[in-house]
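K.L.:
So the chains spell out like this:
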Amino acid sequence: MHLGRLWLRDFRCYEQVELALESGVTVVTGSNGQGKTSLLEAVAWIATGRSMRGVPDRALVRAGTDEAIVRAEIEHPEHRVLVEAAIKSVGRNRILANKQTVTRRRDLSEHLRVTVFAPDDLALVKGGPGGRREYIDDLLVNAIPRFSAVTTDYERVIKQRNALLRAGIRDADDRRTRDVFDVRLTEVGAELVRGRLDLIARLAPEIGVAYASLAGSAPGFATAYEPEWHDGPLASDEVEVALTEALARLRKREEDRGVTLVGPHRDDWALVLEDLDARHHASQGEQRTLALGMRLAGHRVVADAIGVEPVLLLDDVFSELDSQRAMALVEHLPATQTLITTAGALPEGIRADAWLRIDAGRLV
Amino acid sequence: MTAVYAGPVQRLIDELGRLPGVGPKSAQRIAFYILKLAPEDARRLAGSIVEVKEKISWCRRCFNIAEGELCQFCQDERRDRTVLCVVEEPRDIVAVERTQEFRGSYHVLQGTISPIEGIGPDQLRIKELLTRVRDDGVTEVILATNPNTDGEVTAMYLARALSESGTKVTRIASGLPVGGDLEYADEVTLGRAFEGRRTLDP
Chain D
1 MHLGRLWLRD
11 FRCYEQVELA
21 LESGVTVVTG
31 SNGQGKTSLL
41 EAVAWIATGR
51 SMRGVPDRAL
61 VRAGTDEAIV
71 RAEIEHPEHR
81 VLVEAAIKSV
91 GRNRILANKQ
101 TVTRRRDLSE
111 HLRVTVFAPD
121 DLALVKGGPG
131 GRREYIDDLL
141 VNAIPRFSAV
151 TTDYERVIKQ
161 RNALLRAGIR
171 DADDRRTRDV
181 FDVRLTEVGA
191 ELVRGRLDLI
201 ARLAPEIGVA
211 YASLAGSAPG
221 FATAYEPEWH
231 DGPLASDEVE
241 VALTEALARL
251 RKREEDRGVT
261 LVGPHRDDWA
271 LVLEDLDARH
281 HASQGEQRTL
291 ALGMRLAGHR
301 VVADAIGVEP
311 VLLLDDVFSE
321 LDSQRAMALV
331 EHLPATQTLI
341 TTAGALPEGI
351 RADAWLRIDA
361 GRLV
Chain G
1 MTAVYAGPVQ
11 RLIDELGRLP
21 GVGPKSAQRI
31 AFYILKLAPE
41 DARRLAGSIV
51 EVKEKISWCR
61 RCFNIAEGEL
71 CQFCQDERRD
81 RTVLCVVEEP
91 RDIVAVERTQ
101 EFRGSYHVLQ
111 GTISPIEGIG
121 PDQLRIKELL
131 TRVRDDGVTE
141 VILATNPNTD
151 GEVTAMYLAR
161 ALSESGTKVT
171 RIASGLPVGG
181 DLEYADEVTL
191 GRAFEGRRTL
201 DP
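Protein chains in written order, with this note's numbering: chain D, 1 to 364; chain G, 1 to 202.
Next comes chain G alone, as it looks inside the complex (with noise of 0.2 Å):
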């Protein structure tokens, strides 16, 4: 699109079509509701977004989101730091914090190996995980990559990578969601899932 605004507006537009998932029809349309809103309005959006770049860094140790040296989960003296989680990005460890079922500590990927996009894994915090496996005496990394090509890919890396360490290296499962019914799961998942069948000891 070529720029037909004036200078600050075009401006605004350009960089909104920049964030994922933002087209220019789009951006073009939060530039105008931006246009219309009260300036102690505008003041406090464009104020966070300087404050979460200010205030808001990689966790030193996991590279999870944090605010100063270490992030919310590193600091809390109660999790296990014998066990790693390892996910792809920060949003992953909201999604596991959820079931309240895992009381280890997290490693942030920040990424999949992806090729295509020129991410090998000497773009992504494999270095670290492999150092913290080391020093910290960790017993059990859990890969909880997507179970996508891409996250596959990564985990079936990471396994490779951690085999010299001796630490217990495991994979989460997928297949149905729990709780819904079989006629509603989707019949890729459900193959899936039948693929991964086991045998129920009596």
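This is chain D alone, in the form it adopts within the complex (with noise of 0.2 Å):
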């Protein structure tokens, strides 16, 4: 699967564009500010049917116009589809794949799969819990779409059980409906937490194997699942025992706090280089070595799960990297079409097989 064509109207800062796109690696240069990383978000909304960068979509819409115009070639091995967007400022969006209306977002995916590097991944090792929570549950629908049913219905129940705490169990017919909601917490939640264990087993090699062939060296990369409301490791047979446990325990606590303290909302995992927790001890530079490995690993997983190797998109990755990593970045890159973009000079002896530049939202 790769991107043949795709053209731009009124998007970002785009007027309008039009490109074709190698199968290979393409390297899109030019000044700050000029277009690049929003050719990469045009690309990843085609395929997620929203921006890498978290922002609402009126936000892509040229200033001055009412809507930006996204459309797509997608050559597969036996076809070709035509994905097209019209992303509205006010209003509901049209996306259409092959002239056929596409109702649900996560749709999109059947046509078109990214993985998307920026330099705020760094976050993911050195941020919060929430970063990299994020990780692995996008992670997880992408590689069993089951689960995006699942992470909804967990939502829903936190969000639920939060209202239930926060206006006080005052009563019997409080503590049973709390009853049942813990009884679903636990259900979902389990499936959940499985759900991530199974996937951090499968990831843990990966993320290995990624950072050693970016460093150069081959480090002992470690992982471990780490429950806020449990003590020690967790086997994915003991979760539904372990939150009804948990439940019982923290009950008081979370009566007076008024919010649930139990369940998979709350976990971490430790990445850990060397015997040391990198989310605190390491380098800036293993950091975003880590980071770039973890997508690179992430990407790698979800290949092997759909049978299907996602469009790699790594935004101004270089500049987060020293030459000896940039070089080994390129040539250790899965076998995708891949688009790179980089304002500073390029690591001496890189080979692409494209070339774009881009200089106010225009193609030079």
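Simulated from the structure, these hints should not be mistaken for laboratory data.
Hints are not guaranteed to be accurate.
Just a few of them, taken from the derived set where beta-carbon distance is under 10 Å, the chain G residues facing chain D [stated by the list, open to error]:
#, residue
1, G118
2, V153
3, R160
4, T189
C-beta atoms are modelled at their ideal positions from N, C-alpha and C, and glycine is treated no differently.
Could you use the hints to bring the two separately framed chains together as a complex?
P.N.:
What follows is the structure, encoded as structure tokens:
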């Protein structure tokens, strides 16, 4: 699967542009603020129906216009799909795949999949647990679609249960209501935790391999799931029991604080390099390399699960790495279409299949 | 949105905007449609709103909509009073009736447990359900709430509340639409159906 042609109209700083993309590695150059990242953002939008930078759709529509148009021709081994999106500053977007309306955002992933690395992915290692949870849950949904319902269910359970605790547990009715939410939290929460445990077990060796190939050495990489509500290691078949016990143990504290303290929405997982916790003790360079390794490992795991290599979008990745690691990255890139943006000079000896130069929203 | 139209028009827009699924823009569009209506059409619309509030109320027994004390199903002597199908809303009855399979009676909860909206078991017709089960010699309660988080939690609450009654409590199954093709099933439903697979007796 790869992206063939791409048309943008009134998307971010692009008035109108048409590109033909190669199936190998394309390097996109240009100064800062010229629209390199926006190009990747348009590609990611076609795959996911949302901005990879987490901004609302109206921010994607060029100032002074009502809608942005992105059209992408995607080449599959046996067929070609034209995905067309009208992204509105107000109102509902319109998305077509081969002229058929696409109603659900997640159906877009049938036509195009992407793996995105962005500079702020450093937060995957350095930032709070929320980013790591989002990373693992996104991969889970991508690898096993059923988990999109599990995560949605779980969020709803937590929202409802928090509302109940916030209002206060005052009588027998409230206690019985909490009891049934506890059962539901245990069922759905355990499914989510088990999914994460399985996925982390598959990811960990891939992260180790990706890190080693980037760093040029093979430090020991290890990881461990860290539920806030459980001490010590947690095995897949113990999750339900552990959740039930924790709910009983923390009942009083949850009532006092009016919030759900037990469940996968509170969890983290440790990233260990050479026996040191990389979240706190690694150097900035090591953290950047590890974050990139996590994205590449996620790419590998999703590609193995779905049998298709997603398109790789690497935003400003060279500014993050020394020239040795940059070279190692290019040498070890997955065999898939890859778009790399860069503002600065390229590491010497980098081979690319195509070059694009962007200047003020134009191709030059 | 601030009031920009003459009193009566703005009042109509505000009232329409309180309806479910109607935003300010739609409210405005509907209001102007009503302004252009022939007087007799407008009067008929207004009349049917008033009429429905005057003539229709909740069935005393099952809390379905009723044009009198009892709804059409509770009036029907041929319906089995010992089997109850519990649904969230009156419109769910219509869906179950279309199956032509169910000859028992209904009980409408008029919602689901939802702490976000401040709805606890107290705000639903649960006490009335327990009374019916006890007094009417009910042998089976079928829980037909929606297969989403709120519906599942409500069903579980009811199953627990009914456990002391000794009555058989069942939950409708969820899975693939019958008669459809596997290839058109969405991956979530199909994934659930795989999880709920059963042994086929030869």
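K.L.:
Against chain D, with CB atoms and a cut of 10 Å, does the hint on V153/G hold up?
P.N.:
Holds, because the Cβ-Cβ distance from V153/G to chain D comes to roughly 5 Å (cut-off 10 Å).
K.L.:
Taking 10 Å as the limit, does the beta-carbon of G118/G come near enough to a beta-carbon in chain D?
P.N.:
7 Å, holds
K.L.:
Mind checking the CB of T189/G against every CB in chain D and telling me if the closest is under 10 Å?
P.N.:
The hint holds - T189/G has a Cβ within 10 Å of chain D, the shortest such distance being about 9 Å.
K.L.:
Can we keep the R160/G interface hint, with Cβ of chain D closer than 10 Å?
P.N.:
Holds, because the Cβ-Cβ distance from R160/G to chain D comes to roughly 7 Å (cut-off 10 Å).
In this structure, every one of the numbered hints holds.
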